[in-house]
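Given the coordinates of chain A, assemble chain B onto it according to the supplied hints.
Chain by chain, the residues run as shown.
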Amino acid sequence: MPTAQAPAPQPHQPQPWDDHRIEVILGNLLRSGVLLSAAVVLWGACVYLSRHAHEPADYRIFRGEPSEFRTIPGVIHSVINGRGRGLIQLGLLLLIATPIARVAFSIVGFAIERDRMYVAFTLIVLAILLYSLLGSGLGV
Amino acid sequence: MTVLEFTAVVAIVSFVAGLLGSLTGLGGGVVLVPLLTILFHVDIRYAIGASLVSVIATSSGAAASYVKEGFSNIRIGMFLEIATTFGALLGAFLATRIPTSILAIIFGAVLLYSAYLSRKPRPLDQRSLPPDPLATRLRMNGSFPDLEGPRSYNVQHVPTGFSLMFGAGALSGLLGIGSGAVKVLAMDQAMRIPFKVSTTTSNFMIGVTAAASAGVYLSRGYVDPGLAMPVMLWVLAGSLLGTRILVKAETKSLRLVFSVVILVLGLQMLYKGFWGKI
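The listed protein sequences correspond, in order, to chains A and B. Residue numbers for the first sequence follow my numbering, beginning at 1 and rising by one. Residue numbers for the second sequence follow my numbering, beginning at 1001 and rising by one.
In short, the hints are calculated from the structure, not lab data. Mixed in with the good hints there might be a few duds.
[Claimed, not checked] Short, incomplete list of chain A residues facing chain B, as computed with Cβ under 7 Å: (1) His-52; (2) Leu-94; (3) Pro-99; (4) Leu-126.
Here a beta-carbon is modelled for each residue, glycine too, at the ideal position from N, C-alpha and C.
Chain A on its own, in the form it takes in the complex (with noise of 0.2 Å):
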């Protein structure tokens, strides 16, 4: 006589290589994402450097960044002015939203895959690093 119990569904496998394709696309936009935030910290760097090469430089001394260099409309303003610097903070921040981007598109790989578990889990990593992105002064 067969047992009463069914067998338990089996849990859903990991399927390596539909992870592996949703990766390779995000490598790529991972490498994008850095080429373009480096090309745009070059481009101010030649600003920079042309106008300010014989300046003295000092950081022995810390005294933190104006707001122009550390608010995202403060360097958006100083990039409109033409300032090098305010171009290299945009670069870094074009950089900071890269790995950020990866995590928001790999929300959408997950959903593919219909794994709801992991769609929570990359909403929390997104939601912390929105949180220190916007809440930690820099939008402001």
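Here is chain B on its own, set in the frame of chain A:
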């Protein structure tokens, strides 16, 4: 020193740090902060801010070449990123409150530990461990291409690994480094993830972890464009070159040289921290 001279020498140091960091797998950030503070007398907070952005650049820049090989495990990475990003936020907030001399002491201790770890032989990959119920529920077990075809592995001790990764994230946020040494402890030793999988997965995680604290650093004015520019560009260039020549290079003697450099820098940072010279 003028801005041009300063940019040029920081560029050279960053390039060498990025190259050696990627050739030895120990990361460039861990030597950059002490070099900038000891050689160029840069305030440690500026040095940490600049190093942090270079960590994002190297991690994201290398990701494309790593994922092609099919070793990294996106689920392990994403799950542990919950711990590392939380830790990184905490570390970044602590960094703005801790005196710089304490930062230097913690940094020195991390350097000494990294030097010790780089001389220790890697634990042998243990094959066919029994599946752990929690790791199975979290769908972390996987396989990767090995010489004899695909090899499967079962992840162990998830809670221990998760807690250690929280610590790794906190150190990363506090010191602006990738915390490769603590990640090795968590993923290789505690969770028993095969070396190839843990290395590539942790590379993937480093950028996300650093991004979590970079926002805090930038908004606090710790990221100076004049300093971060040569550091970010040239660490990236050095590490991209490093991943290209990695297959051909003899890394054993390089690792020895690099770990001696790390040891010396660690002692210097401890000295500076304890005597309040930073």
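Results for each hint:
{"no.": "1", "hint": "His-52", "result": "5 Å, holds"}
{"no.": "2", "hint": "Leu-94", "result": "10 Å, violated"}
{"no.": "3", "hint": "Pro-99", "result": "4 Å, holds"}
{"no.": "4", "hint": "Leu-126", "result": "9 Å, violated"}
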